[in-house]
Amino acid sequence: MTERILDHPVLGALEPDQTVTFTFNGMTYEGRDGEPIAAALLAAGVRTLRHHEESGTPRGIYCNIGHCFECRVEVDGQQGVRACLTPVREGMVINGGGPLPAPVRDWRKNHA
Amino acid sequence: MRDLIIIGSGPAGLTAAITAAEHGLDILVIDEYLKPGGRLLGQLYEEPGGNWWNGIEESRKLSERAGALGLDIRLGVSVHNIEQENGSWLVYTDRETFEAKSLLLATGAAEAPVAIPGWTLPGVMSVGAAQVMTNVHRVKPGQKGVIIGVNVLSSAIAMELHIAGIEVAAIALPKNNRVNGSAAIPTEVMNALLHVSHMAPSAFVKMGSKLMKNEFMKKMGITFYPKNGVRMWDIPVMLRKAVIRIEGTDQVEGVTLATVTADGKVISGTEEVIGCDFVCIAGGLYPLAELAALTGCPFYHIDELGGSVPLHSEDMRTPLDGLYVAGNITGIEGAKVAMSQGKTAALSIAKDLGKDIAEASLSEAIRQISSTRSDAHIQFHQDVEVGRRKLQEYWEQHATGKRNILV
Ligand SMILES: Cc1cc2nc3c(=O)[nH]c(=O)nc-3n(C[C@H](O)[C@H](O)[C@H](O)COP(=O)(O)OP(=O)(O)OC[C@H]3O[C@@H](n4cnc5c(N)ncnc54)[C@H](O)[C@@H]3O)c2cc1C
Ligand code: FES
Chain A
257 MTERILDHPV LGALEPDQTV TFTFNGMTYE GRDGEPIAAA LLAAGVRTLR HHEESGTPRG
317 IYCNIGHCFE CRVEVDGQQG VRACLTPVRE GMVINGGGPL PAPVRDWRKN HA
Chain B
69 MRDLIIIGSG PAGLTAAITA AEHGLDILVI DEYLKPGGRL LGQLYEEPGG NWWNGIEESR
129 KLSERAGALG LDIRLGVSVH NIEQENGSWL VYTDRETFEA KSLLLATGAA EAPVAIPGWT
189 LPGVMSVGAA QVMTNVHRVK PGQKGVIIGV NVLSSAIAME LHIAGIEVAA IALPKNNRVN
249 GSAAIPTEVM NALLHVSHMA PSAFVKMGSK LMKNEFMKKM GITFYPKNGV RMWDIPVMLR
309 KAVIRIEGTD QVEGVTLATV TADGKVISGT EEVIGCDFVC IAGGLYPLAE LAALTGCPFY
369 HIDELGGSVP LHSEDMRTPL DGLYVAGNIT GIEGAKVAMS QGKTAALSIA KDLGKDIAEA
429 SLSEAIRQIS STRSDAHIQF HQDVEVGRRK LQEYWEQHAT GKRNILV
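These protein sequences, in sequence, are chains A and B.
Heads up: the first sequence begins at 257 in the working numbering, then just goes up one per residue.
Heads up: the second sequence begins at 69 in the working numbering, then just goes up one per residue.
Hints were generated in silico from the structure; no laboratory data involved.
Being a predicted model, the structure only gives us computed values, none of them experimental.
The hints are all genuine.
For each label pair, taking beta carbons as the anchor points, the in silico distance ranges come out as:
#1 A:Gly301 with B:Ser146: 23 to 33 angstroms
#2 A:Val337 with B:Gly343: 30 to 40 angstroms
#3 A:His308 with B:Gln465: 40 to 50 angstroms
#4 B:Asp302 with A:Asn366: 50 to 60 angstroms
#5 A:Gly353 with B:Lys458: 40 to 50 angstroms
#6 B:Pro294 with A:Pro265: 27 to 37 angstroms
#7 B:Arg128 with A:Pro265: 13 to 23 angstroms
Some, not all, of what chain A presents toward chain B, calculated at C-beta under 7 angstroms:
#8 Ile261
#9 His264
#10 Pro265
#11 Val266
#12 Leu298
#13 Thr304
#14 Gly322
All residues carry an ideal CB built from backbone N, CA and C; glycine is no exception.
Generate the whole structure from the sequences, applying the supplied hints.
Structure (structure tokens):
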């Protein structure tokens, strides 16, 4: 379980912010309005953002600043959105992707 | 048409925007992040004399000045292509295409990974990711972490995690393999650390001043380096242990460490597992310069600057008309150097656009880059000055036409 850093010896107290409600893979979560989706989910203890398109293995953030695209999720129907740089908003519907069908590979597995 | 588009609102881009606006240029700043400040946002360290360099505060000051000047800063916009056409620059983004007479690339740096089995597990992140989660978003990356890679950035961030109340169980080397190079060799890492001992934890400084005396002492130092590490801020820095595997099924559960020889070979039978819920990978920084590569600007690989950098002059011009660079895209250094480069770039741009900029103020700005560099608290590479000189030589060769630019 991760948590928020409410008090910091140098940066001070965490400023209060508007709370928003959003869903991720059908579950409801709360976040601070405008914080990155990845931060809101991590604060709620969620590390796994998607499963790899081919292998199906779990993935979370890696760089947290937009470079690696490991955090890609679907936001309000739009695919390939980086959770580390996209602000979370009230009512957002977020889904982590999963393995995609690979008919050619599967056909080979069963037939070749 | 606008005078100038700046890509990147880090310390380099914001300082450039402020200076350019003060000289009456019409500017657009584009950044894909959700806040202005770039990688300055996450920085937090105590400077000699006891002042804290607080990146959030510094970024806020820059944005406030930018705001007061009425600067147009578009956040959450990613640039994916740039082109020069009929003497102007076209900037393609995920929203719309922008056009300007000149273009400043201030895209900063990126973190290099190190290759360790298990590194795709959720909970494994770059050390910068943990810095941003902790200091900028104020979310703990986890309860207990292990940092892989011992360098200036990872020791700075270990301290930041520590003061935020996050336990760092160890900072250790990466496993030695064909990819990880000298970052996995205790003697090399020790040497690199000794050269930045002003940044390194005080335990090192004390040890370091003894060890620096001669090669024999250095060898002794790494041979007798305590296997369980030297503690800094209560965090064991393990120069004789390497992470050989990250463990976990659905997310990080721990790492397997092993003792290594002075040249990085795993001593079998020494493997041990330590539990943790997050792992940081610290492979060092390199200039993020893909956009410059799209223009055909010549590049040079200079180790002392952290990788391949677009050719540029001291006044931040590139060989292409109307294209300028500033900040970590030109080489890995601290934020203050990036700011002074941003200022210099803006003066060059204003001058090239026909504004009345005295030669003296431009040369003063260039001089300030060097003095900021020599006073810098953080030096990512001990020989950055050598790297700068190399680049200047390449620039002079181009200027005198000894090399042809192939665009
Ligand atoms: C993860 C990380 C941690 C660091 N930590 C420290 C530290 O603790 N101390 C220290 O002294 N230095 C640190 N640095 C070095 C840092 O690069 C410099 O200190 C300084 O921030 C460089 O300033 P800059 O303006 O050149 O770039 P940055 O501050 O990196 O700003 C560049 C900006 O450009 C934007 N950008 C890049 N590409 C695009 C694109 N295609 N489209 C739109 N926007 C784009 C980015 O979103 C970013 O906001 C760190 C660097 C990184 C990458
Ligand atoms: S975590 Fe790397 S792009 Fe989001």
